[in-house]
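Novice: Per the working numbering, the sequence shown runs over residues 1 to 340.
Quick caveat, the hints were computed from the structure, so don't treat them as lab data.
Where a beta carbon is used, it is the ideal one built from N, C-alpha and C, also for glycine.
There could be a bad hint or two in this list.
Said to hold, decoys possible - So the derived label-pair ranges between C-beta atoms look like this:
# : residue 1 : residue 2 : range
1 : 193       : 227       : 40 to 48 Å
2 : 81        : 291       : 27 to 35 Å
3 : 171       : 126       : 19 to 27 Å
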Amino acid sequence: MDLGGVCPSPLVVQTDWFPESEQGALYHLIGDDYTVDASNQRVRGSMVLDGTDLGIEFEVRSGGPAIGFSPVSSHMYADDSIHLGLASTDFQMRHWDDAPLVSVVAPLEKSPQMIMWDPQTYPNVHSIADLGREGVTVNVFGGGVFSSVLVAQGTLSREQVDASYDGAPARFVSEGGAIAQEGFATLDVYTYEHVHQQWGRPVAFQLLHDAGFEVYRQNIAVRPRDLESMRPCLERLVPVIQRAVISFTASPDRANATIVDAVDKYRSFWTYTPDMAAFAAQAQRAFGLVGNGPDSTVGNFEATRVQRVLDGLLPVLGDNLPFLAEDLYTNEFIDDSIGF
Numbered sequence: 001m002d003l004g005g006v007c008p009s010p011l012v013v014q015t016d017w018f019p020e021s022e023q024g025a026l027y028h029l030i031g032d033d034y035t036v037d038a039s040n041q042r043v044r045g046s047m048v049l050d051g052t053d054l055g056i057e058f059e060v061r062s063g064g065p066a067i068g069f070s071p072v073s074s075h076m077y078a079d080d081s082i083h084l085g086l087a088s089t090d091f092q093m094r095h096w097d098d099a100p101l102v103s104v105v106a107p108l109e110k111s112p113q114m115i116m117w118d119p120q121t122y123p124n125v126h127s128i129a130d131l132g133r134e135g136v137t138v139n140v141f142g143g144g145v146f147s148s149v150l151v152a153q154g155t156l157s158r159e160q161v162d163a164s165y166d167g168a169p170a171r172f173v174s175e176g177g178a179i180a181q182e183g184f185a186t187l188d189v190y191t192y193e194h195v196h197q198q199w200g201r202p203v204a205f206q207l208l209h210d211a212g213f214e215v216y217r218q219n220i221a222v223r224p225r226d227l228e229s230m231r232p233c234l235e236r237l238v239p240v241i242q243r244a245v246i247s248f249t250a251s252p253d254r255a256n257a258t259i260v261d262a263v264d265k266y267r268s269f270w271t272y273t274p275d276m277a278a279f280a281a282q283a284q285r286a287f288g289l290v291g292n293g294p295d296s297t298v299g300n301f302e303a304t305r306v307q308r309v310l311d312g313l314l315p316v317l318g319d320n321l322p323f324l325a326e327d328l329y330t331n332e333f334i335d336d337s338i339g340f
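Produce the complete structure using the sequences and hints provided.
Specialist: And the structure:
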């Protein structure tokens, strides 16, 4: 498993948000000798797997506000020191023209993105399709595409989608749960019950994946132009990441402690407590966000699923596309023997 001499050191990965347990497999690979660069919001340390030093340093960089909310792909094309980046299938498709990325491993089997609602207000709603039939307003972030896909599929109507969500709980709370809202099953399910005391009770939800929006989210990706030069590294690295997914899922505490420590030292608006991290790790297992998919391998991509995502996005992307579904990923570095 030694990566020395075949992978760059430090090996740098750009994430799409502040540290959180969705990125747990990455932080599981950072050793206890890590340092936190609070000014640049980066964590670096020896790269390890289950106590074994892998021979290089590993650096995880925060995204979102830390990079001016620019897409990971665009940031990678502006900074050649970044070797890997987090990508989602829909973003890869939308940004292929100006900043293409090829995914090489998928730590998450399902995206944690969801739509949530108040089960007391809507006791007969059990799915996003039920929200559509009931005509419930669904508050989402502007600029996303999943709502357009759900509208095109007939799951929701265009009239009930309100793209004014700003990430705060204020509207959901002030309307007493009369609206439904976009969110993340690894975070909002916990915070609305235990953190947002003005609400303070459980919410119901369905994953977008289970409603038909089956993107792979937080894939590890490279620039296509780097695929050949990175091949010797990726041949050893991708199986390491596969094993890290399994190890983090079984024992998340050390990586979660690193995540919580980094967020605390960044001293930004983003807060992440040990309880939030523990819930997120447990939720990944409970909600099926990690797993082998339809086979016995973790981290690989299902060709028919990627094609379904592309077909669903055609109303948004148009028909004259400069890529095929198979251009977005490769399973060539996956070790088929590694799985849950």
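Novice: Against this structure, judge whether each hint is valid.
Specialist: Hint check:
1. 193 <-> 227: 40 to 48 Å: Once the Cβ atoms are compared, 44 Å apart, the range 40 to 48 Å for residue 227 and residue 193 holds.
2. 81 <-> 291: 27 to 35 Å: At 33 Å between Cβs, range holds.
3. 171 <-> 126: 19 to 27 Å: Since the Cβ atoms of residue 171 and residue 126 sit about 23 Å apart, the hinted range of 19 to 27 Å holds.
Checked against the numbered hints given earlier, this structure breaks none of them.
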